[in-house]
Amino acid sequence: MSTVTVESSRFGTLEIEAGAIIEFPAGLIGLGGRRWAVVTKEPNSPFSWLHSLDDPSLALPVTNPWGFFSDYEIELSDADSERVQDDDVAVWVTVRAGVELADFSANLRAPIVISAGQGFQVINEAEHAPVRAALFPEGAKAEVAA
Amino acid sequence: MLIITRRPGEKIMLGDDIVVHVMEIVGNSVRIGIQAPRAVPVYREEIWNAVREENQAAAADAPAELPRPARSDA
Numbered sequence: 011m012s013t014v015t016v017e018s019s020r021f022g023t024l025e026i027e028a029g030a031i032i033e034f035p036a037g038l039i040g041l042g043g044r045r046w047a048v049v050t051k052e053p054n055s056p057f058s059w060l061h062s063l064d065d066p067s068l069a070l071p072v073t074n075p076w077g078f079f080s081d082y083e084i085e086l087s088d089a090d091s092e093r094v095q096d097d098d099v100a101v102w103v104t105v106r107a108g109v110e111l112a113d114f115s116a117n118l119r120a121p122i123v124i125s126a127g128q129g130f131q132v133i134n135e136a137e138h139a140p141v142r143a144a145l146f147p148e149g150a151k152a153e154v155a156a
Numbered sequence: 005m006l007i008i009t010r011r012p013g014e015k016i017m018l019g020d021d022i023v024v025h026v027m028e029i030v031g032n033s034v035r036i037g038i039q040a041p042r043a044v045p046v047y048r049e050e051i052w053n054a055v056r057e058e059n060q061a062a063a064a065d066a067p068a069e070l071p072r073p074a075r076s077d078a
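Chains as they are written, first to last, in this note's numbering: chain A, 11 to 156; chain B, 5 to 78.
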């Protein structure tokens, strides 16, 4: 299978399989960018990266929301539901890193929904969906990946 | 900026295929209907702004090494 090479400013050379390229017709909200790929650097980490294929310096950490928030719910507007038509859907939320673990948060308001090779950052209309939901509430232990 | 006056029931066209419909005014709120092609996402400005800020911060703040929570190994 053909691959696309990205000279990532964070990770060096990345080989992305053509089939793993996700087309975002409307880009990410406020960031744009049409072509992205989910890059997993550490198989055991809950975090992956949504890496731009157009801008080698642009990458956002993402996570599976249900790994941290088991009761997370997404409610889409009719317009967004129409955009996401396939039943086989992957959902990621962006992660904002902090200096302290307690500062790490995920954006539950604007999940990224991927289906059939297309991605959309949608607005979650559910009542409890903070833009900054703490990922490591007090007491959670973590070690920095080696 | 274009500033125009509309009454409830009246509409505004943005190009040929986006319709902004001033539906009703109740107290200090205006109910607005928007018809746009599927490719044009419509956002409340404050939510768009908050998400944009969060996206930019997520892209800017992240170190290459992210923490690994202990419970994922359990």
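Everything labelled a hint here was simulated from the structure, so no lab data went into it. Take these hints with a grain of salt, some might be off.
Distance windows between CB atoms, simulated [stated by the list, open to error]:
id : chain 1 : residue 1 : chain 2 : residue 2 : range
1  : B       : Ile8      : A       : Arg44     : 40 to 48 Å
2  : B       : Asp20     : A       : Thr15     : 18 to 26 Å
3  : B       : Ile29     : A       : Asn74     : 38 to 46 Å
4  : B       : Val46     : A       : Asn74     : 22 to 30 Å
5  : B       : Ile8      : A       : Ala89     : 20 to 28 Å
Incomplete in silico selection of chain B near chain A, CB under 7 Å [to be verified]:
id : residue
6  : Arg11
7  : Gly13
8  : Ile22
9  : Ile38
10 : Pro45
11 : Glu50
12 : Ile51
13 : Ala54
14 : Ala62
15 : Arg72
Just so you know, even glycine gets a beta-carbon here, dropped at the ideal spot from N, CA and C.
For each hint, the structure was consulted:
1. Between Ile8/B and Arg44/A the beta carbons are some 34 Å apart, a value that contradicts the proposed interval 40 to 48 Å.
2. Restraint check, Asp20/B to Thr15/A: a C-beta distance of roughly 41 Å breaks the suggested window 18 to 26 Å.
3. Checking the proposed 38 to 46 Å range against Ile29/B and Asn74/A shows it holds: the Cβ atoms sit about 44 Å from each other.
4. In this structure, Val46/B and Asn74/A meet the distance hint of 22 to 30 Å, their C-beta atoms being roughly 28 Å apart.
5. The given range of 20 to 28 Å is respected by Ile8/B and Ala89/A, whose C-beta atoms sit roughly 25 Å from each other.
6. About 26 Å separates the beta-carbon of Arg11/B from the nearest beta-carbon of chain A, more than 7 Å, and the hint is not met.
7. With a cut of 7 Å, the hint placing Gly13/B at the interface with chain A is violated, because the nearest CB-to-CB distance is about 23 Å.
8. The restraint placing Ile22/B at the interface with chain A is violated, with a minimum CB-CB distance near 13 Å, outside the 7 Å limit.
9. Violation of the interface hint for Ile38/B is found here, the shortest Cβ-Cβ separation to chain A being roughly 9 Å, above the 7 Å cut-off.
10. Below 7 Å, beta-carbon pairs count as interface contacts, and Pro45/B has one with chain A at about 5 Å; its hint therefore holds.
11. The interface hint given for Glu50/B is broken, as the beta carbon of that residue sits about 10 Å from the closest beta carbon of chain A, more than 7 Å.
12. Because the beta carbon of Ile51/B sits about 6 Å from the nearest beta carbon in chain A, less than 7 Å, this interface hint is met.
13. For Ala54/B, the shortest C-beta to C-beta distance to chain A is roughly 5 Å, which falls under 7 Å, so the interface hint holds.
14. Interface hint at Ala62/B: satisfied, since its Cβ lies 4 Å from the closest Cβ of chain A, which is below the 7 Å cut-off.
15. The closest approach between the C-beta of Arg72/B and any C-beta of chain A is roughly 5 Å, which is under the 7 Å cut-off, so the hint is satisfied.
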